[in-house]
Amino acid sequence: MTDHPADSAPGHRESAGTPIQVADIEDAKPEAGSGAAIKAAIARIADPEQRVLARIAEMRKRKPSLRETAITMSHGAGGKASHTLVRALFADVLSNPALEELGDQAQLPVSGLDGARIAMSTDSFVVSPLFFPGGDIGELAVNGTVNDLAVGGAQPLGLSAAFILEEGLDVAVLRRVVESMRAAADRAGVSIVTGDTKVVPRGKADQLFVTTTGVGLVREPERLGIARIRPGDAVLLNAAIGDHGSTVMLARGDVDLEAEALRSDTRPLWGLVSTLLDAGVEVHFMRDATRGGVATVLNEIAQQAGLAVAIDEDSLPVHDEVRGVAEILGIEPLYIANEGVLVAIVAAADAERALELMRSLPEGAEAARIGEVREEPEGMVFIRTGFGGTRVVDMLIGDPLPRIC
Amino acid sequence: MKFADEFRDADLARALGARIAAESGDRHWKIMEVCGGHTHTIFKYGIEDLLPSNVELVHGPGCPVCVIPMGRLDDGIALARDPEVIFTCFGDLMRVPGANGSLLDAKADGADVRMVYSPLDALKLATQNPDRKVVFYAIGFETTAPSTALTLLHARAQGVKNFFVFCNHVTIIPPMKAILDSPDLRLDGFLGPGHVSSVVGIRPYEFVTNTYNKPVVVVGFEPLDILQGVHMVMRQILEGRCTVENQYKRVVHDDGNPKSLEVLGRVFALRPQFEWRGLGFISQSALKLRDEFAEYDAEKVFTVPGIRVADPKACQCGEVLKGVLKPWECKVFGTACTPETPIGTCMVSSEGACAAYYNFGRYSRSRDRERVLAGSAANGDRR
Numbered sequence: 001m002t003d004h005p006a007d008s009a010p011g012h013r014e015s016a017g018t019p020i021q022v023a024d025i026e027d028a029k030p031e032a033g034s035g036a037a038i039k040a041a042i043a044r045i046a047d048p049e050q051r052v053l054a055r056i057a058e059m060r061k062r063k064p065s066l067r068e069t070a071i072t073m074s075h076g077a078g079g080k081a082s083h084t085l086v087r088a089l090f091a092d093v094l095s096n097p098a099l100e101e102l103g104d105q106a107q108l109p110v111s112g113l114d115g116a117r118i119a120m121s122t123d124s125f126v127v128s129p130l131f132f133p134g135g136d137i138g139e140l141a142v143n144g145t146v147n148d149l150a151v152g153g154a155q156p157l158g159l160s161a162a163f164i165l166e167e168g169l170d171v172a173v174l175r176r177v178v179e180s181m182r183a184a185a186d187r188a189g190v191s192i193v194t195g196d197t198k199v200v201p202r203g204k205a206d207q208l209f210v211t212t213t214g215v216g217l218v219r220e221p222e223r224l225g226i227a228r229i230r231p232g233d234a235v236l237l238n239a240a241i242g243d244h245g246s247t248v249m250l251a252r253g254d255v256d257l258e259a260e261a262l263r264s265d266t267r268p269l270w271g272l273v274s275t276l277l278d279a280g281v282e283v284h285f286m287r288d289a290t291r292g293g294v295a296t297v298l299n300e301i302a303q304q305a306g307l308a309v310a311i312d313e314d315s316l317p318v319h320d321e322v323r324g325v326a327e328i329l330g331i332e333p334l335y336i337a338n339e340g341v342l343v344a345i346v347a348a349a350d351a352e353r354a355l356e357l358m359r360s361l362p363e364g365a366e367a368a369r370i371g372e373v374r375e376e377p378e379g380m381v382f383i384r385t386g387f388g389g390t391r392v393v394d395m396l397i398g399d400p401l402p403r404i405c
Numbered sequence: 406m407k408f409a410d411e412f413r414d415a416d417l418a419r420a421l422g423a424r425i426a427a428e429s430g431d432r433h434w435k436i437m438e439v440c441g442g443h444t445h446t447i448f449k450y451g452i453e454d455l456l457p458s459n460v461e462l463v464h465g466p467g468c469p470v471c472v473i474p475m476g477r478l479d480d481g482i483a484l485a486r487d488p489e490v491i492f493t494c495f496g497d498l499m500r501v502p503g504a505n506g507s508l509l510d511a512k513a514d515g516a517d518v519r520m521v522y523s524p525l526d527a528l529k530l531a532t533q534n535p536d537r538k539v540v541f542y543a544i545g546f547e548t549t550a551p552s553t554a555l556t557l558l559h560a561r562a563q564g565v566k567n568f569f570v571f572c573n574h575v576t577i578i579p580p581m582k583a584i585l586d587s588p589d590l591r592l593d594g595f596l597g598p599g600h601v602s603s604v605v606g607i608r609p610y611e612f613v614t615n616t617y618n619k620p621v622v623v624v625g626f627e628p629l630d631i632l633q634g635v636h637m638v639m640r641q642i643l644e645g646r647c648t649v650e651n652q653y654k655r656v657v658h659d660d661g662n663p664k665s666l667e668v669l670g671r672v673f674a675l676r677p678q679f680e681w682r683g684l685g686f687i688s689q690s691a692l693k694l695r696d697e698f699a700e701y702d703a704e705k706v707f708t709v710p711g712i713r714v715a716d717p718k719a720c721q722c723g724e725v726l727k728g729v730l731k732p733w734e735c736k737v738f739g740t741a742c743t744p745e746t747p748i749g750t751c752m753v754s755s756e757g758a759c760a761a762y763y764n765f766g767r768y769s770r771s772r773d774r775e776r777v778l779a780g781s782a783a784n785g786d787r788r
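As they're listed, the protein sequences go chains A and B.
Each residue of the first sequence is one higher than the last, beginning at 1 in my numbering.
Each residue of the second sequence is one higher than the last, beginning at 406 in my numbering.
Isolated chain A (complex conformation) (with noise of 0.2 Å):
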């Protein structure tokens, strides 16, 4: 966009009705994991080790292409399989550039908002058991969308509920759900203006489904985006990570395992983003740490923006519940999913402000700041474990295996 040079800042989205330019990439950068791309990475290093690391590196940035002929359980994970299946078929084949930015929330441009963006998101939900400690599925319906929006800067205006019935659900269990939803919606601040209802016969559903799309406005679009992080950056979260994994898989009964404190977390979001916001604070991004966990959103984080991310170990909030159910199963509190953590990405000096402010909140009582971003190593996130180690923290790949002894 030679004629535009203000566009070519890095993050802009095309407005409506600008063609884009294809012929603009000039650059004769072999494509990122090309066989090219690894040659010239590793042309310089000499110890052998290193090359194979070098190569590693640069394979990851490599395209995510779609192996396998069928969906397994790994693709709803949140993790690795997730995102490729996002990337190499829905983001493939219904490209545009709103959808590219792969955010939580698309963010459109009207015209007549005065630079303010409509954003959207959308969320399904699936949650078995239906009722769990501290939850259900209507409220995570409702939140989970909500903060969706919120973690863009986008207040919520309306949500919309999309429900698949299984023929002889109890209606006093549908009933359940929606007075939850509405209550969830009051909570946050917004309305369920317009729906949906779908049943299907006995066996091809589980009880119920339902569907959210929430519609909110972000009045300040140029804010926040991962092109906004810079080294330096503080990273944050506003409470202790793990709970609503940790309760739904109790709630389940697959394991025998009773932790009575242990509480889903589901809640908005909204709130918090908002006081951040108003009161001026550099935050640069934000993202929701569901499915997936911290870890994987810090790596999103890594990937997209070319940084590194390095996190304490000591500094994680987990509760001791958690930790235990954590390390029985030989799982990590960083992959379990969360309904009601953000990561915020945040200017180091702007860093204690925010962690004060996010502290005045129910939702943030327990924020802390868990490490820093970094120039270097692309793409990577590291963890400088309490012991006083390191150890890369990749994404998580499958659904989270317990180790067996």
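Some hints could be false.
Stated by the list, open to error - Simulated coverage check for chain A against chain B, where a stretch passes if three residues somewhere in it have a Cβ under 8 Å from a Cβ of chain B:
#1 116 to 129
#2 318 to 332
#3 381 to 390
No wet-lab data here; the hints were simulated from the structure.
In this text, a Cβ means the ideal position worked out from N, Cα and C, and glycines have one as well.
Chain A is fixed; fit chain B onto it per the hints.
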């Protein structure tokens, strides 16, 4: 967290690491941790960062998933595809590739494959589904074998007729012997497996010290356990001793667990030989169900193909399991073979040396690590 945090103390770790560095001198040390649980701990806590570069940990053959040969996995998948069968196994196994896909793929294809945390959960499934046949794919060393044995005793006592075990239990001593006999390996000593030893005790390792003159220290699974174990092996060599020592006294009794051993003896018998991934056939290295339990033995009740499948040509899991190759030295490591698309078993289980190295260890001991560690010093005064 009580009983765990005490063994993860960073100050103690630093002090112990410094002492190991001081005593290691100029020589290069090669110490093998036999057990996959140790491999996992080493990478999860970044223990190699605390060791001097002349002390090398070699990752051994003790990951139960990693040693399963492809043919035995395909046998399991064939069982899982039987529409009458509910197939149960531990979670790690589900992603291991067979000759034609994994259990996870079979599940996506319609097979009823369920993850369990204990063989008792599989037995419970059998009582809850009396019209189905529940098969438990049993794997693991002497650590998990007693729970399989106990489950079979329960099944018999309860008169459950629709529960079956496909037994792939293996024993720890024969592969250790195979490694010690391997000509291409030079080791200074062993970190002995902790939980296996809680069952068998520490005496079975005496052949390592007596015949092969290598010290063995049985260690626990917390990071300080491992550092202390490394130090104890070094001390033995520096002081000219060579014995089996027990660092994991809080769990391991020198004589093991007689009750577990008795249950194992009642239910299992040794197989004449068993195939190990990458190590080939090793005699008397695995367990089968005794004839009294034939009605629970999936190998006898069902028709299993029993075809032997050669490991993929490019796969060098055998060399990695023996500690001859480091994970990154394998031809396909990180390129054709990654945790999402594993070729070899070592890349699947979180206890596999390759998966542990790929997931956690990349960049450890590298210049990048120096830079990342440098950041922790600045943590005190972040502002």
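Hints, one by one, checked against the model:
Check on the segment 116 to 129 of chain A: 0 of its residues sit with their Cβ under 8 Å from a Cβ of chain B, so the three-residue criterion for coverage is violated. Note: the segment 318 to 332 of chain A has 6 residues with beta-carbon separation from chain B under 8 Å; the three-residue rule is met and the coverage holds. Counting residues of the segment 381 to 390 of chain A whose C-beta lies closer than 8 Å to any C-beta of chain B gives 8; at least three are required, and the coverage claim holds.
Against the hints set out earlier in the document, a violation occurs for number 1 only.
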